[in-house]
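Novice: Given next are the chains, with one letter for each unit.
There are 2 protein chains.
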Amino acid sequence: MFIAMNRFEIALGHEKDFEDVWRNRDSHLDGVPGFTGFKLLKGPSNDEFTLYASHSTWESRAAFEAWTESDAFRMAHSGANPRKGTYMGHPKLETFEAIL
Amino acid sequence: MFIAMNRFEIALGHEKDFEDVWRNRDSHLDGVPGFTGFKLLKGPSNDEFTLYASHSTWESRAAFEAWTESDAFRMAHSGANPRKGTYMGHPKLETFEAIL
Chain Y
96 MFIAMNRFEI ALGHEKDFED VWRNRDSHLD GVPGFTGFKL LKGPSNDEFT
146 LYASHSTWES RAAFEAWTES DAFRMAHSGA NPRKGTYMGH PKLETFEAIL
Chain L
96 MFIAMNRFEI ALGHEKDFED VWRNRDSHLD GVPGFTGFKL LKGPSNDEFT
146 LYASHSTWES RAAFEAWTES DAFRMAHSGA NPRKGTYMGH PKLETFEAIL
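Chains Y and L supply the protein sequences, listed in that same order.
Reminder that position 74 of the first sequence reads as 169 in this note's numbering, one-by-one numbering, no gaps.
Reminder that position 92 of the second sequence reads as 187 in this note's numbering, one-by-one numbering, no gaps.
It is worth saying that the hints were derived from the structure and are not from the lab.
A few of these clues could be false.
One copy or two, either will do: identical chains are not told apart, so a pair holds if it fits within one copy or between any two.
[Claimed, not checked] Taking lysine-lysine and the DSSO-like style, the derived pairs with C-alpha atoms no more than 27 Å apart in a straight line are:
no. : residue 1 : residue 2
1   : LYS187    : LYS137
2   : LYS187    : LYS134
3   : LYS134    : LYS111
4   : LYS111    : LYS137
5   : LYS179    : LYS111
6   : LYS179    : LYS134
7   : LYS137    : LYS179
The whole structure should be built from the sequences, with the hints applied where relevant.
Specialist: Set out below in structure tokens:
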């Protein structure tokens, strides 16, 4: 199993904006080959931001990479954005292979 | 759903030691109330370390927290440790609630 997590640092007070964007977007993931599941995760907060992570699971890294080059990926990322000031820096992608 | 991830920065060249500790340990997780799954994830490497994360899923934060105060938790964490020099700093726990 392969997991792709995109980490988002969301400025305090902007959490609802960020969640609404995800709540209302069409992920275009249904039926993507090798895609097995998606969750939006809310993590800890500090004095500046709340950490969120998108958490998608795939049969393999190859399936994930094929999706990132697909029309479905472009459509999923062409939608609405949250208000200015929501993001503290760029999202950070981390990918993992389940080894045990 | 609740996810607990413990992030480990493992010095380059120590990856096998670290994986062996996990491969050989008894997690004592089977039958723990509210526990739903465990994976050991291997993430990206940089010039200094390889990122790993333990990834356990739970029915709720309360179930996870009860486990951390249980005998099963103490037993799971009393086993062998990898060689000195394996860890770059302390593991960092991050916990998440699945909201979507």
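Novice: Evaluate each hint against the coordinates.
Specialist: Each hint tested on the structure:
For the homomeric pair LYS187 and LYS137, the shortest alpha-carbon distances inside one copy (15 Å) and between copies (17 Å) are both at most 27 Å. For the identical chains of this complex, LYS187 and LYS134 are neighbours both inside a copy (16 Å) and across copies (22 Å), given an alpha-carbon limit of 27 Å. For a Cα distance limit of 27 Å, the shortest separation of LYS134 from LYS111 inside one copy, 16 Å, qualifies, whereas the shortest one across copies, 31 Å, does not. For a Cα distance limit of 27 Å, the shortest separation of LYS111 from LYS137 inside one copy, 11 Å, qualifies, whereas the shortest one across copies, 32 Å, does not.
With identical chains, the CA atoms of LYS179 and LYS111 are at most 27 Å apart within one copy only, with a shortest distance of 13 Å there and 44 Å across copies. Proximity of LYS179 and LYS134 under a CA criterion of 27 Å is satisfied intra-copy only: 24 Å inside one chain copy versus 37 Å between copies. Only within a single protomer do LYS137 and LYS179 lie at most 27 Å apart by alpha-carbon distance; the minimum there is 20 Å, versus 34 Å between protomers.
Every hint from the earlier list agrees with this structure, and none is contradicted.
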